[in-house]
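Required output: the full structure, derived from the provided sequences and hints.
For the record, the sequence lines run as chains A and B.
Quick note on numbering: the first sequence equals residues 0 to 170 in numbering that gives the first Met the number 0.
Quick note on numbering: the second sequence equals residues 0 to 164 in numbering that gives the first Met the number 0.
Hints listed in this document are in silico derivations from the structure and should not be mistaken for laboratory results.
Treat each hint with caution, since some may be false.
[What the hints assert, rightly or not] Label pairs and their in silico Cβ distance ranges:
#1 A/ASP45 with B/PRO129: 54 to 62 Å
#2 A/VAL152 with B/PRO129: 22 to 30 Å
#3 B/GLY130 with A/GLU132: 29 to 37 Å
#4 B/ALA60 with A/VAL57: 57 to 65 Å
#5 B/GLN88 with A/GLU135: 25 to 33 Å
#6 A/PRO161 with B/ALA60: 18 to 26 Å
#7 B/GLN88 with A/PRO157: 15 to 23 Å
#8 A/SER103 with B/VAL84: 28 to 36 Å
#9 A/ASP156 with B/MET150: 25 to 33 Å
#10 A/ARG41 with B/ALA60: 21 to 29 Å
#11 B/THR22 with A/VAL152: 28 to 36 Å
#12 A/PRO157 with B/ALA60: 24 to 32 Å
#13 B/VAL84 with A/GLU135: 16 to 24 Å
#14 B/ILE39 with A/ASN49: 30 to 38 Å
It should be emphasised that the depicted structure is a prediction, and the values quoted were computed from it without experimental measurement.
Note that beta-carbon positions come from the ideal geometry of N, C-alpha and C, so glycine has one too.
The chain contents come next:
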Amino acid sequence: MALSKELREAVPAAEAVVSTNAGGEVLKIRAGAAFDAMTYLRNRTDEPFNQLMDLTCVDRVATDRIFEVVYQLRSLDTGRRLMVKASVAQDDPRIASVASIWKSANWGEREAYDMFGVCFEGHPDLRRILLYEEFEGHPLRKSYSYLKRQPLVEERDPIANPWPAKDLEPR
Amino acid sequence: MSLINSVPEMVLTSKVDAMLNWTRKSSLWYMLFGLACCAIEMMQTGGPRSDLDRFGMAPRATPRVSDLMIVAGTLTLKMALRTKVLYDQMPDPKYVVSMGSCSNCGGLFQLAYSVCDGVDKIIPVDVYVPGCPPRPEALTEGLILLQDKMMNEKWLTRSAPLTVA
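Take a look at the structure:
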């Protein structure tokens with residue numbers, strides 16, 4: 000629990016709470032102070048968390064009305080791992096980008112934006128990374144119907160409306 | 000066309016058709032269109048053990064010189080647009096083999112938000128090869144089926160004016 004105390008002294012606005020989950024450390028922070036807290040974690044003197052291994056998001060709208068942005072940090076010096084979670088409101092999901100702290104956050108934030116619609120403020124190039132530009136909505140949100148499709152070309156039902164046979168079609 | 004139209008159809012054109020079909024089926028150039036794990040099996044089929052070269056098939060990197068498109072793998076909605084464009088760029092006569100469950104019907108991923116469930120919704124398919132992924136033997140069987148289909152086509156007769164028949 001030393002990390003929680005340390006972070007509370009360095010960045011009091013983050014209101015850090017450390018717990019353990021499945022043997023790993025989980026640090027919950029306020030989204031408003033996420034950038035300061037992450038900067039501190041990156042630049043700690045004795046054990047800096049200088050690698051961002053992953054950046055994802057969790058939809059907790061049904062239970063808590065939030066999206067949870069999850070950062071997986073690792074210290075290259077000691078191998079210590081830390082999971083950092085920050086909650087953003089469902090109706091206005093905004094959080095500061097950490098792409099200026101870890102370069103690996105760039106594409107992770109773009110993916111979280113693509114799939115969940117979380118807006119990372121200060122990101123150098125926040126656009127969709129996997130889906131096409133014409134796509135509307137954010138498919139990994141629980142509110143996105145799993146039956147919804149957004150095809151780019153006209154689709155044909157080949158059973159109800161079969162393709163014409165090649166060797167009978169007039170040229 | 001005028002020569003063909005001037006002779007009795009049953010004597011000559013069927014044989015020319017057969018010869019043309021034989022030449023066409025013996026030099027099926029396929030476009031490399033590996034989209035997912037089925038592409039690994041397609042490479043195996045082109046490799047030395049089940050050698051596709053013995054059918055006169057050669058992989059091509061461009062649709063403009065290809066006769067056949069082997070759609071190997073999951074077709075996403077983003078890729079469906081490209082698939083349609085590439086199919087339209089292939090010269091006639093052109094054929095499509097749908098390889099594996101994903102391109103047949105969407106397979107395991109057919110309920111995903113980004114997956115087109117079946118390449119036959121976009122372009123006409125001649126042979127469906129089931130499997131996840133199909134073994135090289137299965138793909139070879141599908142290609143032999145396609146060759147049989149090509150041998151039964153009558154392109155010359157079909158393109159002749161209706162009054163001659």
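Query raised in the report: Looking back at the hints listed earlier, which ones does the structure fail to meet?
Result: 4, 6 and 10
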